[in-house]
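Could you build the full structure based on these sequences and the hints that come with them?
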Amino acid sequence: MLENIAYDFDSQGFETEKLSAQLVTGWKESPGHRRNMLDPDVTETGVAVARSEKTGYYYTVQMFGRPKSAAIEFQIDNRSGEAVGYAIGDKTFSLPPRYVRTHTRCRPTELTFRWPGEKAKPTSVKPVAGDHLVVTWKGGEYRVTKE
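Numbering-wise (this note's numbering), the sequence shown opens with residue 531 and increments by one.
The reader is advised that the hints may include incorrect statements.
[As the list claims (entries may be wrong)] Distance windows between CB atoms, simulated:
#, residue 1, residue 2, range
1, P597, P652, 28 to 34 Å
2, T546, V630, 51 to 57 Å
3, A578, P652, 40 to 46 Å
Hints were generated in silico from the structure; no laboratory data involved. Here the structure is a predicted model, which means the values were calculated and not measured. We treat Cβ as the ideally placed atom computed from N, Cα and C, and that holds for glycine.
Here's what the structure looks like:
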């Protein structure tokens with residue numbers, strides 16, 4: 531989930547159109563906020579505006595997300611005989627041999643396997659919903675296949 535937050539103040543108050551125009555313009559001109567607004571994985575958005583009685587400031591939030599039904603679930607099945615490491619984003623995992631792990635992600639992601647041994651080159655995969663990824667050791671190298 532992503533969010534944009536903004537606040538604005540005018541001692542005379544705002545008309546709805548002026549307040550919304552200022553907030554949206556500010557988000558569009560901010561690289562981080564604009565990136566959230568244009569994120570290709572977002573399918574739903576919501577907006578809320580509140581005014582603080584104490585300060586008079588108007589606070590606005592935009593929320594961006596995807597429904598749970600759009601989540602991507604995939605499995606990793608380690609049939610290699612050795613523990614293998616992999617990363618999803620900044621998080622790393624170790625998968626012992628003969629284990630199967632299921633992941634559920636809210637958006638498409640890249641999965642990077644780091645193989646045992648210093649010379650083995652990492653392998654990257656972009657799983658889609660329903661993938662069953664199988665790790666094997668064949669012909670002197672680790673492989674990832676989809677079943």
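Hint check:
Checked against the hint of 28 to 34 Å, the pair P597 and P652 passes, with Cβ atoms roughly 33 Å apart. For T546 and V630, the Cβ-Cβ distance of about 53 Å falls inside the hinted range of 51 to 57 Å, so the restraint holds. Against the hinted window of 40 to 46 Å, the Cβ-Cβ separation of A578 and P652 comes to about 43 Å, which satisfies the hint.
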